[in-house]
Structure formats: structure tokens, C-alpha cells
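Chain order of the listed sequences is F and L.
Residues 0 to 335 (numbering that gives the first Met the number 0) are what the first sequence spells out, left to right.
Residues 0 to 335 (numbering that gives the first Met the number 0) are what the second sequence spells out, left to right.
It should be emphasised that the hints constitute simulated quantities derived from the structure, not laboratory data.
Errors might be hidden in some of the hints.
One copy or any two copies: either way a pair holds, since identical chains are not told apart in the list.
As the list claims (entries may be wrong) - In silico DSBU-like cross-links for lysine-lysine, where the CA-CA straight-line distance does not exceed 35 Å:
| id | residue 1 | residue 2 |
| --- | --- | --- |
| 1 | Lys296 | Lys210 |
| 2 | Lys106 | Lys173 |
| 3 | Lys312 | Lys92 |
| 4 | Lys268 | Lys210 |
| 5 | Lys118 | Lys98 |
| 6 | Lys173 | Lys268 |
| 7 | Lys118 | Lys210 |
| 8 | Lys268 | Lys118 |
| 9 | Lys304 | Lys210 |
| 10 | Lys268 | Lys92 |
| 11 | Lys98 | Lys304 |
| 12 | Lys173 | Lys82 |
| 13 | Lys82 | Lys98 |
Number of protein chains: 2
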Amino acid sequence: MRHLLTLVALLAFSALASAEPLPSWTDGPTRTTITAFVEDVTTASSPSFVPPAERIAVFDNDGTLWVEQPMYTQLAFIIDRVKALAPEHPEWKQEQPFKALLEGDLKALQASGMNGVTKLLAATHANMTTTEFERIVSDWIASARHPRFDRLYTQVVYQPMLELLDYLRANGFKTFIVSGGGIDFMRAWTEPVYGIPPEQVVGSQIAMQYKVQDGMPVLMRQPEVAFIDDNAGKPVGIQRHIGRRPILAFGNSDGDYQMLEWTTAGAGKRLGLILHHDDGEREYAYDRESHVGRLSKGLDDAVSKGWTLVSMKRDWSRVFPVAPEVSPSTPGGGHE
Amino acid sequence: MRHLLTLVALLAFSALASAEPLPSWTDGPTRTTITAFVEDVTTASSPSFVPPAERIAVFDNDGTLWVEQPMYTQLAFIIDRVKALAPEHPEWKQEQPFKALLEGDLKALQASGMNGVTKLLAATHANMTTTEFERIVSDWIASARHPRFDRLYTQVVYQPMLELLDYLRANGFKTFIVSGGGIDFMRAWTEPVYGIPPEQVVGSQIAMQYKVQDGMPVLMRQPEVAFIDDNAGKPVGIQRHIGRRPILAFGNSDGDYQMLEWTTAGAGKRLGLILHHDDGEREYAYDRESHVGRLSKGLDDAVSKGWTLVSMKRDWSRVFPVAPEVSPSTPGGGHE
């Protein structure tokens, strides 16, 4: 049975592979690096051939698959949630970090530190069931808009990256997100937007507790961080969830450094890619000095590590998908 | 592109589905329950139709996919490892729980409790890299034999369950293991034996630490339990790893109770199955009084919960795969 399926899959992949891949990537060394790598690991006669089951590709999310400026989208969600819940919590007018957030006082918000983050998470991400949280995120992401581009957040995803995800999957890769963001925040929309199902999303997690409530089993989200999937946590998250070392990793900030390091140190052919945000006109230009998505060590070490720096300005002919004439009522309609 | 793939996949699935499924299951209500469920959720015109992406099936491992008597295989691994390492640790002759284990003193071993378990885990599962641990497990499982059946452990897997896994996958299901056993212990062999890749294995975990050692990045396994994927931990493990509620769950002990409860409480058609070990002749007969794989609450509640009790004696015409003439040198050769 497996042989028949494999044959059918190979035929389908061959048909797909004949279309010109990566149309929003400019013709040049970066695109060639990617296509040469994929051809090399998928050609049965190549010494670098990798069986389909081992073709694991991991992608950071914020700043790699979608815009992370002027702030992480999950922070925009937190701000909107606190504002929406504020009428039920008059005490927040006097209580930090809520007071700072409601008044837009970023300095006081930052000063509230880890204790402040924990309170915000508790108020917006916890003390509810997984089902309730998923509905809240789904509702929010269906209408929340990016402040500069005035589109849904699900429409400020990068068209070249959508093409790359499709191209890799058409070549038998399994694509995963490995993000510092909240795992269940992402899972509410990654499948329609990126074609990445919930079980292929790795992220930071809060604790959960199973209990039966009025005869119905629920998973209650607890106000307690269980795992932070960033920096050295990314290789740990990869091992926990995937259990196999990727052969391709794509990130954009120093939070992705260890993920690229772990991926590209494996035996055989590997590909590490870093998106360099150098296009202030079409998107944003930032690296070493940025508070969000800082890229410094990765810039220093890319050459010695053999990682490919992707220039948004030079390597992408288009940044965002074509915007629909009318905003879709459900997320994910923007890139089909 | 997705439409073409879907069409090709549907044609392949139709071809596969025409073969008689589940040949080692006897013709009767249990097999009919399974095939009727699968037909119902995969028929596009059925009100119970479930899209392929949501066809998640979860399986316990010990006592559900392979034999768990007279002891969990992972415990046999621990015993063999302690014996193999004992010459380097002369102090173990005087130190519990190693002394008890080396002398076969099960009573003293049990008396060492959680502290004993932690010491055994530290000695056999931790303080090494993930790569080293995988190699040790792979080497062990390639030659260790079940004491009663005198076959490799990878050959005392249940033939009817291998057929069920294949049947579900041929019908567009994604099959996962959700086990109380160690996640990386299982991942070393589940792909060749069950066709389940590492990223679809959920289990108990110890902590890991990423570091760069002599210029090479490694993940060091820490002597510290990070997550126990049993009882109420199973729905939590499912949410962590899969992020979507399964539509089918198959277990055999009360450690699977909450997994079945969580699965079958979801909306739409669901299937919960419990393997009842009632065949002392071909395998083992045990339930309420067993220390390993105790099944009591599940027996009490199966009817009221709508779960199907699978009788090994009545419902399976064959228990194990045909043993190969010559033992294979690699695991997994036994069921092809």
C-alpha cells in the first residue's frame, strides 16, 4: 500500500515541480541557493538525497512569515483585549501594568517587567478553556488591522514566504513554525493562512489543567508560563515536538540563532536562512538597534556559519500578497 | 495546487479502500463499529463528514500497540542498562535502587519509590546528548527479546493494530501515539515499526538543555522530569503537541481514561476504544487487579460513555505478526 501512495505522490510532485517556483523572488544568488538546495536533497541520485520523512523545515513566525513591526501582533492582541475587558475591571485604572497599557504609557509598561507580563498573560491568555481562547483569537484576527498597512494582520504575511512554504511542501517537505510566540495564539489561524496545521506549530506555552466541569471535560489555561520557545529554547522545542533535526531553518532575529545553529550543524546538506529587514519603503528597515526582532549576532556570524542572508529589498520582487477588493470575513483569504 | 493533490489523494484512497480492511479482526460488531465509523466520517455526503486535516487518531502504546506484560518494555530497557553500566559503578552494589535492581529484589525496588525512579532515570536516560540516547535505544531494541514469546519486542506488536493504523492512514487519518512512556525512547523505533514518525509521538519527557560543547551544539538530557503524559496529562499532551481534539482514541488502561473522555466529548461523531486483555492463552488476561495496565474505571464506564470494549480473544483472529524465519538485524522488519 505504501508503494502505491509513494508512486502517486511522486507523480503529483513532478507535475507541480515543473511550474516555475518562487515567482516573487528575484532571479539571483539567493533564489538559486534555495532551489539548488531543494533539488539536491530531493534528487534520488544525489549524494545529498534526503528521504521525504526527514525533510523537516522550520520557520520563525514574527518577522519571518509576517510583519513584526511596530510591535508583535500578539502584543496588539493583548492591548485590544485589555481595552475590551477594561469596563469589567474598573480597578485596572489604578493598577499596573493595566493603567500604563490603557493610558498608552509605554515607559511605565516596560517598567512593570516580568511581573507585568505575567499579569497581562493572566488577564488575556489564561483562566479560560482552550476552546474559549481559540474563539477569542479567531474573532480578533478576523478583523484586527495592521496600523500602517491598513490590512488584516493575516494579509501582512510575506508573499515570497507563502511561495517558499508551498514550494517546499510540493517537494515533500514538512513545514513547521518554531516561534517565540504563544503556540495556541498562532494555531487559531496558521492553517488557513500558511497551510500549516496546529500539530506543526511549535511555540511558547502556558500550563494547562484538565478537569471535568459540569460534566464536560475542559482544558483550563493556567496563568503560568510552562515553556519559552525562544533563543536556546528553540532547539529544545524542536526536539520536544518534532524529535528530528530539521534540514532547513529560516529566521530573522537573534532569537533564531540557536535554531539555525542546531539545524545547520547536522550531518549532510543543510540550509540556514536569515531574512534581513532592509526595506523601509515597502516594509521596515531594522537590525542591530531594534528592540523588536534585533539582528546582530546573526549578521556577524552568517558568513562563518554558512547561512544565507536574504535581503528583502534585493531578493523579493513583491512583499505582500495582492490585497482582496473586499476584506474577507474569515482570515486566510488574502493569499489564495 | 492543493486541489490537484487532494484529487490524487482521493483516487489513491479509493483504490486502497477497495481491499478488504482489517483481515486480522474477526467479522463481528467490533470490526463493524470501526469500519462504519471510518466510512461515516470519510463520506463527503455524510452529515458526520470530517475533513482530512481533522482526522486525528490517538493511540496509547504499552498494552495497546504492543505487549506491556510482564513489565513495561522501557523498564526492561532500564534493567538491561543498569546491568550493562554496573561494572563502571561498583558503588551500585551498596546503593538503592541499583542494589535491588541488580539483585532482582522487586520489593526493595518498589520501596525506593519516586526517589528511586529519579535515580534510575538519571543513570539510564539522562546526562547524555539526545543523539547518544537515540543510539543506545536503537541498539538495544534491535536485539532485546520478550521473555515469554522469545521474539524481539518490535515483534510483539499487535497485528490487528498495525492493520488498523494502516487502514486509518489509507482513509486520510493522521495517527499519533499518546503514551505515558518516554517520548524519545519510543521515537527511536516507532517509524519502522508502526509507520508513525517522531513528530507524531507524544509521551513523557525529561528536561533538556541546549549548549555548544567543543564547538558542536548538543541537546543534553537532564535528570529532571518535565512532563508526565499519563491520566489527566494525556489531554494536556494532546493539546500541547497536536493542538486539535482527536476524533478517535484507542487505549487499554485507566491511564487512558481521560484521553478517551476528552476525545469522545467533542462535537460530532467520535470513537473511543478500549482493548480488553482477556486472552491468557495467546497473550495475557488482566484488568482490575493488575499492577501494570490496570483497567477498572474504564470497564465500569465504557457503556455509559459509549466506548467500545475490544476483546482480544473474541475480536482478533491473530495477535502477533508472522515471525520472520530469521531475526532481522534492524527493528521493524517483522510486520511487512
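Hints, one by one, checked against the model:
1. For a Cα distance limit of 35 Å, the shortest separation of Lys296 from Lys210 across copies, 17 Å, qualifies, whereas the shortest one inside one copy, 45 Å, does not.
2. Taking the shortest alpha-carbon separations for Lys106 and Lys173, neither the intra-copy value of 42 Å nor the inter-copy value of 48 Å comes in at or below 35 Å.
3. For the identical chains of this complex, Lys312 and Lys92 are neighbours neither inside a copy (44 Å) nor across copies (67 Å), given an alpha-carbon limit of 35 Å.
4. In the homo-oligomer, the alpha carbons of Lys268 and Lys210 lie at most 35 Å apart only across protomers (22 Å), although the nearest pairing inside one protomer, at 46 Å, exceeds that limit.
5. With identical chains, the CA atoms of Lys118 and Lys98 are at most 35 Å apart within one copy only, with a shortest distance of 12 Å there and 49 Å across copies.
6. Taking identical chains as interchangeable, the C-alpha atoms of Lys173 and Lys268 lie at most 35 Å apart whether they share a chain (17 Å) or sit on different chains (29 Å).
7. For a Cα distance limit of 35 Å, the shortest separation of Lys118 from Lys210 qualifies both inside one copy, at 23 Å, and across copies, at 31 Å.
8. For the homomeric pair Lys268 and Lys118, neither the shortest alpha-carbon distance inside one copy (45 Å) nor that between copies (39 Å) is at most 35 Å.
9. For the homomeric pair Lys304 and Lys210, the shortest alpha-carbon distance between copies (16 Å) is at most 35 Å, but the shortest distance inside one copy (48 Å) is not.
10. In the homo-oligomer, the alpha carbons of Lys268 and Lys92 never lie at most 35 Å apart, since the shortest distance is 56 Å inside one protomer and 47 Å across protomers.
11. Neither within a single protomer nor between protomers do Lys98 and Lys304 lie at most 35 Å apart by alpha-carbon distance, with minima of 45 Å and 48 Å respectively.
12. Taking the closest pair of Cα atoms, Lys173 and Lys82 never come within 35 Å of each other, the shortest separation being 39 Å inside a single copy and 40 Å across copies.
13. Within a single copy, Lys82 and Lys98 get their C-alpha atoms as close as 10 Å, which meets the 35 Å cut-off; across copies the closest is 62 Å, which misses it.
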